[in-house]
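Q: Per full-length UniProt numbering, the very first residue in the sequence shown carries number 1; after that it's consecutive.
Just so you know, the hints here were simulated from the structure itself, not pulled from any lab data.
Please read all numbers here as calculations on a predicted model, not as lab measurements.
Don't take each hint at face value.
In silico DSBU-like cross-links for lysine-lysine, where the CA-CA straight-line distance does not exceed 35 Å [claimed, not checked]:
1. K336 with K421
2. K427 with K491
3. K465 with K76
4. K531 with K662
5. K272 with K254
6. K505 with K465
7. K104 with K76
8. K76 with K269
9. K55 with K119
10. K491 with K573
11. K90 with K104
12. K677 with K661
13. K98 with K46
14. K531 with K505
15. K427 with K370
16. K76 with K46
17. K756 with K807
18. K98 with K170
19. K699 with K661
20. K521 with K570
21. K272 with K104
22. K272 with K221
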Amino acid sequence: MAWRQFQLFDTIPIRDPNYRSNDQLYSDSSLSAIGGSSNYLVIAVKSASLKVINKQMEAVGEFQAYDWDYRITFVKSVPNSDLVLTIAEKLGSPPIIKLWDLHKVLDAVQSGVVETHFKYHTMVTIHNGDNSYPISCFSFNHSLTCLAIGYTNGKVVLVRGDLIRDRGSKQRIVYDSHDSITGVHFNKAYDLIYVTTTSRIITVQTTGRNYGQPSRILSKKTGVDLLCSTIDDETQNMIVATPESIRYYSHLRKLETILLDMPKRTIHKYHKNYLLIVSLSGEDLQSTRVVIIDLVNKHISFSLTIPNASITHVFTMWDDIYLLDSNGLLYQLHEKPINQQIEIILQRQLFSIAHKLAVQWNLPKKMLLKIERQHGDHLYESGSFEESIQCYARCLNFFDWNDTSDETVQEFIMSIIIKFKDVSNTKNLTQFLTSLSEIGFADNDHITLLLCCYCKLQMVDELDKFIENLDLSKSSSLHNLNFQLIINLFKECQFYPQVIKLLNKLDQPNLIVAIQLNDLKQPNQCLKFVKGLPVDDLLLILIEHSKQLLEQLPLETTELLINVFTGSYKPIKIEPTVDTENGKANEAETTGTLSSYMAFLNYIGGDSKVEKLPEPSEPTYMPPRASLIFSSFINNPYEFVIFLEACIHTFDKYQGNSNDKKDLLITLFERYLSLAKSDPENATEWSKKANALIAQYPKLLDRSSVLLLSHINGFQEGEKFSQQQSGFEESLFQSAQIVGDINECFNIVKTYGDAKPALFMMLLRYMVSSKTVFNKTTQKDMSYVLRNIQTHRLATPIEVVRILSSKDFTTLGLVKDYLIEYLDEQSQEISNNEKLIQSYESESTKNTLKLNELKSQPFLLQNNKCSMCHLKLDFPMVHFKCKHSYHQRCLNENTFMAVSKSANDSTQRCPLCFKDFDQVSALREEQLQAKDQEQEFQQLLEETTDRFRLITDYLGRGVMEEEYVPIVED
1 MAWRQFQLFD TIPIRDPNYR SNDQLYSDSS LSAIGGSSNY LVIAVKSASL KVINKQMEAV
61 GEFQAYDWDY RITFVKSVPN SDLVLTIAEK LGSPPIIKLW DLHKVLDAVQ SGVVETHFKY
121 HTMVTIHNGD NSYPISCFSF NHSLTCLAIG YTNGKVVLVR GDLIRDRGSK QRIVYDSHDS
181 ITGVHFNKAY DLIYVTTTSR IITVQTTGRN YGQPSRILSK KTGVDLLCST IDDETQNMIV
241 ATPESIRYYS HLRKLETILL DMPKRTIHKY HKNYLLIVSL SGEDLQSTRV VIIDLVNKHI
301 SFSLTIPNAS ITHVFTMWDD IYLLDSNGLL YQLHEKPINQ QIEIILQRQL FSIAHKLAVQ
361 WNLPKKMLLK IERQHGDHLY ESGSFEESIQ CYARCLNFFD WNDTSDETVQ EFIMSIIIKF
421 KDVSNTKNLT QFLTSLSEIG FADNDHITLL LCCYCKLQMV DELDKFIENL DLSKSSSLHN
481 LNFQLIINLF KECQFYPQVI KLLNKLDQPN LIVAIQLNDL KQPNQCLKFV KGLPVDDLLL
541 ILIEHSKQLL EQLPLETTEL LINVFTGSYK PIKIEPTVDT ENGKANEAET TGTLSSYMAF
601 LNYIGGDSKV EKLPEPSEPT YMPPRASLIF SSFINNPYEF VIFLEACIHT FDKYQGNSND
661 KKDLLITLFE RYLSLAKSDP ENATEWSKKA NALIAQYPKL LDRSSVLLLS HINGFQEGEK
721 FSQQQSGFEE SLFQSAQIVG DINECFNIVK TYGDAKPALF MMLLRYMVSS KTVFNKTTQK
781 DMSYVLRNIQ THRLATPIEV VRILSSKDFT TLGLVKDYLI EYLDEQSQEI SNNEKLIQSY
841 ESESTKNTLK LNELKSQPFL LQNNKCSMCH LKLDFPMVHF KCKHSYHQRC LNENTFMAVS
901 KSANDSTQRC PLCFKDFDQV SALREEQLQA KDQEQEFQQL LEETTDRFRL ITDYLGRGVM
961 EEEYVPIVED
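Assemble the whole structure, with the sequences as input and the hints as a guide.
A: What follows is the structure in structure tokens.
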């Protein structure tokens with residue numbers, strides 16, 4: 001494969017600040033090992049000495065770590081610390097491993113301690129036979145409880161112990177072969193070691209006994225060169241470099257091979273994705289090439305050629321890679337910031353790589369948006385419209401849709417629409433608008449444009465899919481779509497099933513009904529659909545469209561209206577459909593005209609004959625006012641009658657407003673009379689129904705309206721009924737008077753005279769209005785009239801005489817008995833009044849004398865018993881002027897105080913008499929207050945038939961007297 005190459009790392013050559021001096025640092029030719037800790041660079045020089053260098057490349061300490069005859073060959077730090085492990089070797093002697101705490105060592109050096117090499121933290125001596133073979137590789141786990149040392153003679157020694165706490169250690173040979181060991185690496189997940197030799201790759205357990213044998217052979221034929229294997233800390237897989245490839249191995253098998261044909265001398269894993277490779281270059285192989293490959297994205301992230309020098313050491317320090325070449329020059333490889341990396345890649349128009357990097361680094365969506373937009377612009381300019389619209393669609397996922405103030409979103413969408421507005425790009429624009437809709441942020445204009453594109457391209461399947469997947473919960477603005485525009489668009493394209501589905505999704509039943517009735521001419525389908533709507537939605541539709549439905553489906557619509565307005569409607573959910581046969585209702589099947597609710601029930605019931613009206617079911621909701629739908633029946637009078645009769649029949653079940661029932665009754669009465677006039681063949685039947693309605697509901701029918709309707713339609717029974725109630729008695733009398741029916745006049749007066757006494761005066765005047773009428777009456781009739789006039793005090797005798805004397809054919813004999821009886825009554829009343837006056841005067845004189853006697857003269861008390869306990873009186877005792885006596889003990893203080901208080905003064909009162917006294921006082925106070933109630937007096941004066949008696953009664957109450965106010969002297 002061809003590897004793309006970038007320069008995503010900065011190269012910083014760092015010259016030894018003490019170059020060519022007596023105190024050289026890493027340019028010292030005696031340097032044998034180098035490594036970096038968290039804060040320091042540690043180098044081994046002069047065989048056995050360690051030099052510590054800080055980040056400013058200044059030597060901060062140097063000390064002898066081993067005896068001079070040893071040579072330090074390995075320097076490795078414990079990750080994220082300043083603990084350093086070193087290995088020193090001496091031919092014929094066991095190698096020595098020491099753990100150093102650089103902080104303690106530097107403190108000792110700065111304090112002037114001479115024998116610094118005794119200040120190590122832990123020391124371990126490694127034994128390998130006669131110790132005549134050098135160590136080829138070395139590794140340890142991060143907790144420093146296990147170390148692995150590989151030798152050139154094919155042995156691997158495992159050291160177990162707690163080196164950090166220096167609690168001792170044990171060592172054993174875990175693998176023994178004839179091939180040199182080229183690499184050892186710990187797999188922390190499974191407690192084993194990857195071991196590479198010059199001929200094969202194996203794994204060895206770090207626990208238990210294995211007797212020098214591998215636990216698994218990963219490769220029998222492929223060997224690995226020294227420094228050409230490493231471990232992936234994240235996956236714990238081993239990475240092996242061969243001249244032709246990079247291979248991955250798990251603890252069980254080989255996983256993956258990446259072809260990379262180049263000679264490899266050293267590999268070094270860096271961070272998560274990178275692998276540094278040191279290789280020879282040039283024809284004479286005198287130069288060194290360093291590359292860093294991105295193992296995930298499969299490209300070369302860095303390439304550097306170092307002429308006439310070789311890389312001797314590679315290590316990671318301070319989060320960078322450091323290379324030391326044979327000339328003593330240190331190279332720092334620093335990864336560029338990710339934004340700069342992406343800019344470099346974008347300059348080469350490798351957008352997919354840039355996007356992949358941005359995702360891996362979890363960059364903000366703005367960066368991903370920038371990459372995708374540049375990618376789309378590049379494809380658009382190159383003419384790859386389909387690929388570019390896909391990029392623009394992906395851009396939608398990277399906008400902050402929650403930020404409503406962000407104008408960039410709308411500007412971007414508008415720019416794409418403008419770019420692809422040409423007819424040739426309609427399909428691509430449709431794809432973009434579809435993506436915008438799928439994420440739920442298309443506004444009304446976008447949805448409308450998308451639907452236009454679907455229709456223009458005749459994309460019926462996509463249109464159905466869009467409507468099916470439309471989710472109104474994600475965008476409430478869809479409820480405000482320009483429905484009329486969409487409907488007209490769908491109509492032009494003949495997409496009626498789609499527009500109905502869309503409107504059903506948008507909860508627009510009214511528009512669905514309008515299309516089914518006006519455009520599709522399918523009232524049957526319309527009626528089926530509306531029967532599944534909630535009653536509130538259905539009511540709005542019926543108010544607007546029921547007139548049209550009644551004209552096309554009169555009986556079916558009437559049945560629905562009856563159910564709705566009687567509270568028995570129950571929706572049956574049915575999805576709106578389009579009838580391809582365009583079938584209309586065939587009303588020719590209806591036999592005859594249905595003229596009653598009973599006939600209607602028999603018709604819809606089929607063969608089952610309905611003998612009587614069914615009991616209405618309990619309504620599940622409060623039925624609406626039936627008057628809302630009256631206007632819809634303008635062309636359906638017979639169905640209107642059926643509807644009204646059904647509503648009246650069920651009205652009492654839900655206990656509606658009585659005024660509504662009155663409207664129903666008078667409307668039905670008007671229909672009966674209108675049909676009796678317009679349907680001569682059945683006029684008698686309609687009149688009978690009108691009569692039956694009057695007889696059944698005499699109290700609810702508005703008689704004034706009945707009178708008007710009856711007069712207009714010539715319905716005499718109705719007129720007579722209207723006049724038979726309070727307020728129409730005089731009209732009835734006058735009607736009988738006009739026709740000269742004296743007997744009917746007497747019947748009316750006898751019927752309504754007690755409730756309407758004025759009829760007696762009217763009858764009297766009528767009786768003497770002409771000689772013909774007068775001759776039809778008898779003395780008995782005249783006495784009856786005069787007696788009631790006297791009883792009801794309608795006129796004085798003088799007024800009666802004047803009425804009779806106005807005609808020359810009347811005589812005084814007609815009223816002789818009346819006048820005699822009147823005079824006798826008056827004489828008797830005068831006599832009674834005189835006797836009453838005498839009794840009042842006698843009683844008043846008696847009470848006055850008695851009162852004076854009580855005030856001026858003593859009186860004798862002869863009580864010997866207490867009026868309360870009825871026991872014999874003894875001292876102390878209390879006597880009252882009312883001649884009641886009590887024991888003092890019987891007059892309880894609380895009762896006495898209450899009595900005194902109720903009397904509204906401080907006078908001591910008799911417990912037995914104080915209630916009567918209070919009643920008299922209250923009555924007197926009420927009489928005195930009557931003089932201030934002028935309005936009440938005026939009202940009584942207008943209502944009474946005997947004003948003189950009322951006035952004298954008021955005077956008797958003392959309304960003209962002044963209230964006595966006691967004078968209090970200062």
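Q: None of the hints should be skipped; say for each whether it holds.
A: We went through each hint and held it up to the structure:
Proposed proximity of K336 and K421 is contradicted: the alpha carbons are some 41 Å apart, above 35 Å. Between K427 and K491 the alpha-carbon distance is near 21 Å, which keeps this suggested pair within the 35 Å criterion. Distance restraint check for K465 and K76: the Cα-Cα separation of roughly 64 Å exceeds the 35 Å cut-off, and the hinted pair is therefore not satisfied. Between K531 and K662, the direct Cα distance comes to roughly 29 Å. Compliance with the 35 Å bound is thereby established for this hinted pair.
As the CA atoms of K272 and K254 are separated by approximately 20 Å, the hinted pair is consistent with the 35 Å bound. For a cut-off of 35 Å, the pair hint linking K505 to K465 stands: about 12 Å separates their Cα positions. Our distance criterion of 35 Å between C-alpha atoms is met by K104 and K76, whose separation comes to about 17 Å. Taking the CA atoms of K76 and K269, the gap is about 15 Å. The hint holds against a cut of 35 Å.
Between K55 and K119, the direct Cα distance comes to roughly 24 Å. Compliance with the 35 Å bound is thereby established for this hinted pair. With a CA separation close to 26 Å, the supplied pair K491 and K573 stays within the 35 Å bound. For a cut-off of 35 Å, the pair hint linking K90 to K104 stands: about 26 Å separates their Cα positions. Note on K677 and K661: the hinted pairing holds, with a Cα-Cα distance of about 24 Å set against a maximum of 35 Å.
This hinted pair checks out: K98 and K46 have alpha carbons roughly 17 Å apart, not beyond 35 Å. Annotation: proposed proximity of K531 to K505 holds, straight-line Cα distance about 17 Å (limit 35 Å). A distance of roughly 25 Å separates the Cα atoms of K427 and K370; the hinted pair therefore holds under the 35 Å criterion. For the hint pairing K76 with K46, the CA-to-CA distance comes to about 18 Å; that is within 35 Å, so the pair holds.
A threshold of 35 Å between alpha carbons decides the hint, and for K756 with K807 the separation of about 26 Å falls inside it, so the pair holds. For the hint linking K98 to K170, the alpha-carbon distance of about 15 Å falls within 35 Å, and the restraint holds. About 12 Å separates the Cα atoms of K699 and K661, which keeps this hinted pair within 35 Å; it holds. Proposed proximity of K521 and K570 is supported: the alpha carbons are some 26 Å apart, at most 35 Å.
Between the alpha carbons of K272 and K104 the distance comes to roughly 33 Å, so the proposed pair stays at or under 35 Å and holds. The straight-line distance between the Cα atoms of K272 and K221 is roughly 29 Å, inside the 35 Å bound, and the hint therefore holds.
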